[in-house]
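S.K.: This is what each chain is made of:
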Amino acid sequence: MLEENFARIDAHIASHRSMPGALMPLLHAIQDDLGYVPESSYPSIAKALNLSVAEVHGVVTFYHHFRTHAPGRHILQICRAESCQAMGSEALEAHVKKTLGVDYHETTKDGAITLEAVYCLGNCACSPSIMIDEQVCGRVDTIRINEIIAEAKGA
Amino acid sequence: MTTIVYVPRDSSALSLGAHQVAKNVQAEAAKRGLDIKVVRNGSRGMFWLETMVEVVTPKGRVAYGPVMPKDVSSLFDADFINAGAHPLNLGLTDEIEWLKKQERLTFARVGITDPVSVEDYVAHDGYQGLKNALKLSAADIVKEVTDSGLRGRGGAAFPTGIKWNTVLNAPADQKYIVCNADEGDSGTYSDRMIMEGDPLVLVEGMTIAGLAVGANQGYIYLRSEYPDALVTLNEAIANAYKAGYLGANICGSGKQFDLEVRRAAGAYVCGEETSLLESLEGKRGIVRFKPPLPAIEGLFGKPTVVNNVISLATVPIVLDKGGKYYQDFGMGRSRGTLPIQLAGNVKQCGLVEKAFGVTLRELLYDFGGGSASGKPIRAVQVGGPLGSYLPESQFDTPLDYEKFTEIWAVLGHGGIVAFDETVDMAKMARYAFEFCAIESCGKCTPCRIGSTRGVEVMDKIIEGKDHAKNMELVRDLSDTMLNGSLCALGGMTPYPVLSAINHFPEDFGLKKGQVA
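Chains as they are written, first to last, in the working numbering: chain A, -9 to 145; chain B, 4 to 519.
For the record, the hints were derived by calculation from the structure and aren't laboratory data. One thing to keep in mind: the hints can contain errors.
To be verified - Stretch-level coverage of chain B by chain A, calculated; a stretch enters the list once three of its residues show a Cβ under 8 Å from a Cβ in chain A:
id, segment
1, 10 to 23
2, 180 to 188
3, 228 to 234
As the list claims (entries may be wrong) - Below, simulated SDA-like cross-link-like pairs (lysine to any residue); rule was C-alpha separation at most 20 Å, straight line:
id, chain 1, residue 1, chain 2, residue 2
4, B, 378, B, 397
5, B, 286, A, 38
6, B, 286, A, 41
7, B, 286, A, 129
8, B, 286, A, 58
9, B, 138, B, 73
10, B, 73, A, 129
Note that the Cβ used here is the ideal one computed from N, Cα and C, for glycine as well.
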């Protein structure tokens, strides 16, 4: 990992370490900044928060949101929950997997898109829903998802 | 004169292009030299009409919807800022039947005000509850909430006042108010709508809770899937601090209450209160044994109120209008109103706040307009992924906690997901186990192992392998999970599974009406 990233992680540790229950906000800060939580950061996080490396590892891996490796340039999440299923999300999932040539938790070969499943985006009134990075899109059909994918691949 | 135009910032509206609509409105007005101000409000909750644009006229607010970004120039051509005729003109917002038929208490301001403006909030009766609470003793605030009959809206329906009373009477140097905003149930979005549409009502509710039990620190545990709610909440909280409604000296009373939003990280189980507390403490979200109750030993071992967003957001109106006023709505032991969320295969999905007692049929057909696909509605799941599936024969059940218990169903957080006749209930039962397996915290065996075994058994049933034996096994497994799990995740996964088998046996390779 780059030296520069270590410096950034250290800065996040310094600004979070005195918070009560600091670990979650700290992990969020690191992932927001770098896109993931590098395993190589565990020892310094553990030391600052008086935890064991195993405890840090346990927390990072418990939560679906945190990742330990760099994702693609964009993260595409497809909602798999009941409301979206009732509106055809299964077909949408199959279409996306085929179009991208990847399964969940995988990244397209060009590094553009990491595909993830999500269980409810709170957009159940406009199912089926997906989220591209931090933007929720509702009533997504194959035409719309193709546009979203094309845009993500282009940028 | 400046004309005010409302374009929602609710994330469901954004998911349909509301940002672009707002941008186009501004650009088009500038091009035409018109003096308008765009206010980003919450959503009125009629999502089939989103993006719904409203314009303030001397007669009241006039609505247009659903507006696509490309429709904006034609709205200006039709002089919509003076309520001009247009195919998307919906008339006066207040006269829309769907809204008129509701009893909006908790959602009184959602979609009406600028969510982050304290001034707007106060102008629409905001902070009246806190003003009253500041004049009362802690015990009297708790009494008012108890008298209102308010029960936890997160799903467990535990009386809020009784929970608060336990925390009030627990001696400690530090107490906490924790808001459970980890709204993970599929088909629910009322918490999100409050946080994006009227976050100050939640801030006020938590402040009152702090006064009631003697807590000076609050945390909102917000799911990470809600990035827009995070922005709105933080803006609202910053503005409340600036206006003196949060901090060391609330409204000059000398009382302190601080509030902070903490982000969750995508674990469904953290909606369970003890697992949520673990997560807030910076640990894995593993469920705790109870007792001790969080009200006695909660966050960092201190007495803690853990309430859902809707419960806390309902407290201000209780303190404003009195417990009796709120208590007068509802039926039986289910007092007040419930913000119901219509989702899935429904034509007119949205937020319906009604007094308890409204039936599923009224909600699905009178409000919802039937299915979106036009095919008959075959099953509805009420109360999230751990709720029972109900067949058409149960659609006349009134929404009431006890009436739902009688038919082995749960009201939960008030989410209703409809499925048309194309649904395969065996697949839904399999999915219930799969979801439990993905989200199990792993602490107790029935949930950790049972969920995976459940997926396997369902696969065999779907394949028709040793059918009778596996049908017996799935019931036996469900019984173990129901009675042996530590929390509701494992303990209620059998609700969707068994209700699907009992009401839709024909999807499980049995004859209609046959009991496996």
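S.K.: Determine for every hint whether it applies to the structure shown.
M.R.: To see whether the hints hold, each was checked on the structure:
no., hint, in the structure
1, 10 to 23, "holds (count 5)"
2, 180 to 188, "holds (count 3)"
3, 228 to 234, "holds (count 4)"
4, B:378 with B:397, "18 Å, holds"
5, B:286 with A:38, "15 Å, holds"
6, B:286 with A:41, "10 Å, holds"
7, B:286 with A:129, "36 Å, violated"
8, B:286 with A:58, "17 Å, holds"
9, B:138 with B:73, "52 Å, violated"
10, B:73 with A:129, "17 Å, holds"
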